[in-house]
Amino acid sequence: MNPHHLFAQAEPPASPADGPTLGRFFAEFWPVLVPVALGLAAVYLLLPRARRFPPLWAGMLAALGVWAVGWWLIGFLIGLVEAILFYVFVCVFLARAQHRLPTWPIPVVGLIVLFASWWQTHWGILAAEPADLGNLLWLLGLDIALLGAVLFYLLAYFMVFQAERFPSLWGALLAAQAVILAGGWLVRFEYACPEAVLFYAFAGLAVLSAGLMVTHSDPVHAALAFAMVVLSTCGLFLLLGAPFLTAATVIVYAGAIVVTFLFVIMLAQQLGYSSADQRSREPFLASLAGFVLLAAVLCVLHRTYDDQSHRATAAQLRELLDRTRKAKDAKTIPDLRAAIGEGREFFQDFLLLIQDKTKMPAETEDARAKLELELDEAERPWRTPDKHWSKPQEKVVAVTTPLKAVYAEGTRIYTRLTTPGRLEPGDKLPASPFAVSPQRAGKPPEPGKLPAENVAGLGRALFTDYLLPVEIAGFLLLVATVGAIAIAARAREGLR
Amino acid sequence: MTSVGLENYLIVGAILFALGAVGFLARRNLIIMVLSAEMMLQGAALSFVAFSRYHGNLRGQVFTLFMVAVAACEAAVALALILMLYRARKSLDVSLWQELREPDQEPVVDEEPAPAPPPPERWPTLTPAGPEPPQPREETSHV
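Going down the list, the protein sequences come from chains A and B. Those letters in the first sequence? Residues 14 to 509, per our numbering, in order. Those letters in the second sequence? Residues 57 to 199, per our numbering, in order.
Any given hint could turn out to be false.
Below are the SDA-like pairs computed for lysine to any residue, each with C-alpha atoms no more than 20 Å apart in a straight line [what the hints assert, rightly or not]: (1) B/K146 / A/F276; (2) B/K146 / A/K370; (3) B/K146 / A/M279; (4) B/K146 / A/A502; (5) B/K146 / A/Q291; (6) B/K146 / A/G78; (7) B/K146 / A/I500; (8) A/K370 / A/S288; (9) B/K146 / A/S288.
According to the in silico footprint, chain B covers these stretches of chain A (three or more CB under 8 Å from chain B) [to be verified]: (10) 411-421; (11) 470-478.
Simulated from the structure, these hints should not be mistaken for lab results. Model, not experiment: these values are computed from the prediction. Don't be surprised by glycine CBs; every beta carbon is placed ideally from N, CA and C.
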C-alpha cells in the first residue's frame with residue numbers, strides 16, 4: 014500500500030473516445046502541452062544567435078502560451094488576467110525592441126484576445142453561474158477593464174510604436190503598476206486571497222527573469238536576471254513559511270554568489286563583447302530537450318492533480334454527506350427515516366467508503382477514525398427500537414448529535430479529497446501571516462508563532478536529527494575552499 | 057476565491073528547472089552555464105520547500121539548507137575552474153575546449169557564421185584646444 018495518495022498509481026481514466034493513442038494522449042494533456050510548447054518555442058526564438066529573430070514573434074508565442082494557461086487555469090478570471098498580461102507584454106516586451114517592427118499584429122492580436130475573453134465571460138464559464146449582484150458587478154467591472162484595455166491598445170498602436178526608442182524602464186514601471194493595482198483590486202473585492210496574488214506575482218517574476226537569464230546575450234544582464242530569479246524564489250519561500258531559508262538564500266545567493274559571478278565576468282570580459290555570447294550551441298535541440306523534460310514533469314503533475322479517479326469517490330461521499338446534513342437537521346423520527354433510510358444501509362455504506370484505504374487520502378486518517386467512532390455512536394441509538402425510548406424526541410437527539418460531528422469530519426475529508434495538494438497550514442508548522450487560506454481568512458492569526466518558532470524548529474532539527482550531515486556539509490565547505498585555492502593559484506609560475 | 061496549492065509551487069519549480077536545463081545546453085558562455093545549473097538547483101529547492109510545507113515538517117527546509125551550502129561550494133570551485141580555463145584560452149567560450157571530447161567523436165562544427173563584431177564605438181570629440189587656426193576671411197557686406 015502506498016503511504017500517500019499523491020504518489021499512488023492513478024487509475025487511467027476511462028475515456029469514452031476510442032481514438033488512437035496519440036489522440037487520447039493529446040486530448041488529456043493539451044492544457045499542458047500547448048503552453049509548454051509555445052513557451053519553449055519563444056525561448057528558442059530568443060536564444061542568441063548570429064541572425065536574431067525579431068523578438069516580436071517570440072513575444073506573440075509567449076502571449077499565446079500565457080493565454081492558454083489562463084484559459085485552462087483561471088477560468089472566469091480570464092478576461093482581466095488576459096488583459097493585464099497582454100498589457101504587460103506590450104509594455105515591456107515591445108518596448109525593448111529597438112528596431113522597427115511591423116506594428117499591425119499588435120492591435121489584431123489584442124482584439125482577438127479581447128474578443129475571446131469577452132465571449133468567455135458572457136457566454137462561457139462565468140455565464141453559467143447564477144447571476145447575483147456580485148456577479149453583475151463583476152461583469153460590469155470586467156467590461157470597464159476591457160474597454161480600458163481597448164483604448165490602451167489603440168493608444169499604443171497610434172503613439173508608442175511609431176517612436177524609435179521607448180525606454181524599457183517606463184514600460185516595466187507601467188507594467189508593475191498594472192500588476193499591483195490588479196492585485197489590490199482582486200484582494201479588495203475578495204476574488205483572490207493575498208497569498209494567491211503574491212504567489213502569482215512572485216512566480217511570474219521568477220519565470221520571466223529565468224527566461225531573460227537564459228536568453229540574454231549580455232552575461233552581466235544574465236547574472237542580474239539570475240539575482241532576480243533568486244529574489245523571487247525567496248518571496249515564494251516566505252509564502253511557504255520558511256523565513257530562515259529566505260534570509261540564508263538572499264545572503265548566500267544574491268549576496269555572495271551573484272556578486273562573485275559578476276566579478277569574474279568583469280575580470281574575464283573587459284571588452285564587453287565576445288562571440289561566445291552571440292551564438293548558441295544547438296538551440297533547437299536544447300529547446301526540444303527542455304520541452305520534453307518540462308512536458309513530462311507537468312504531464313505527471315496534471316494527471317496527479319486533475320485526477321479523475323478521486324471524482325467518483327468524492328461524488329459518493331458528497332451524496333452521503335447530503336443525507337447526513339438532512340438527518341442532522343431532522344426534528345422527528347419520520348424526518349430521520351426519510352434522510353437515512355430504515356435500516357443500517359446508510360451506516361454500512363458510509364463505513365465501507367471510509368475504510369477503503371485505496372480511495373481515501375492517507376493524511377485524513379485521524380478524521381476518519383473520529384468519523385468511525387461518531388458513526389458508531391449514531392448507529393447504536395438508531396438500531397434501538399422506538400418502544401425502548403420513553404419519548405421519541407430523545408431518540409432523535411441521540412442520533413442527530415453524533416451525526417453533526419460526522420458531518421463536520423466528513424466535510425473535512427471531502428475538502429481534502431477534492432483539493433489534493435492543499436497547503437493548509439499544519440498545527441506543527443506555523444506559516445506566515447500572508448499564507449492564510451480562504452478558509453482561515455476570517456480567523457485571527459496565531460500570535461507569536463512566526464518567525465521564532467519556525468527558526469527554532471529548524472535549528473533544533475539541524476542539531477538533533479541532522480548533526481552528522483551538518484558536519485559533513487562543513488567539511489565539504491572546507492574541501493571546496495582548499496580546492497578553489499589550489500585550482501585558481503598559479504602553480505610554479507613564480508611571482509609576476 | 058482562488059487559493060494556491062502544492063501543485064502551483066511544483067509547476068514553478070519545474071519551469072525553473074527546465075529553463076535552467078535549456079540554458080545549460082544552449083549557451084556557450086561558461087559563466088552562464090554555471091548560472092543555469094544554479095537555477096536548476098533553485099527550482100529543486102522550491103519543490104523541496106513546498107513539500108516541506110505540505111507535509112508539515114521541516115525536512116525539506118533542512119535539505120534546502122544543505123543545497124545552499126553545496127551550491128556555495130559548487131560556485132567557488134566552478135569559478136576557480138572557469139578562471140583557469142579562461143587563462144588558458146583567453147575566452148569563456150566552452151566550444152574552444154572540444155579536445156576534451158571522447159576520442160571517437162567528431163568535433164562539432166558551427167553551422168552558424170560568427171556574428172559580425174560590433175562597430176567601434178564612436179565617442180564624442182571635443183574641439184581641439186589651442187589658438188584658432190587661420191581661416192580665409194570672406195567678404196561680408198556691411199551695408
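Evaluated hints:
In summary, the hint linking B/K146 to A/F276 is supported, as the alpha carbons are separated by about 16 Å, within the 20 Å threshold. Restraint check: the Cα-Cα separation between B/K146 and A/K370 comes to about 64 Å, which exceeds 20 Å; the hinted pair is violated. The hinted pair formed by B/K146 and A/M279 meets the criterion: a straight-line CA distance of about 13 Å does not exceed 20 Å. Taking the CA atoms of B/K146 and A/A502, the gap is near 17 Å; set against the 20 Å cutoff, the hint holds.
Pair hint B/K146 plus A/Q291 holds up; C-alpha atoms about 17 Å apart against a cutoff of 20 Å. With a CA separation close to 41 Å, the supplied pair B/K146 and A/G78 exceeds the 20 Å bound. For the hint pairing B/K146 with A/I500, the CA-to-CA distance comes to about 17 Å; that is within 20 Å, so the pair holds. Among the hinted pairs, A/K370 with A/S288 is inconsistent with the structure: their alpha-carbon atoms are about 60 Å apart, more than 20 Å.
A distance of roughly 12 Å separates the Cα atoms of B/K146 and A/S288; the hinted pair therefore holds under the 20 Å criterion. Coverage of the stretch 411-421 of chain A by chain B is violated [criterion: at least 3 residues with CB-CB distance below 8 Å; count 0]. Counting residues of the stretch 470-478 of chain A whose C-beta sits closer than 8 Å to any C-beta of chain B gives 5, which meets the bar of three, so the coverage hint holds.
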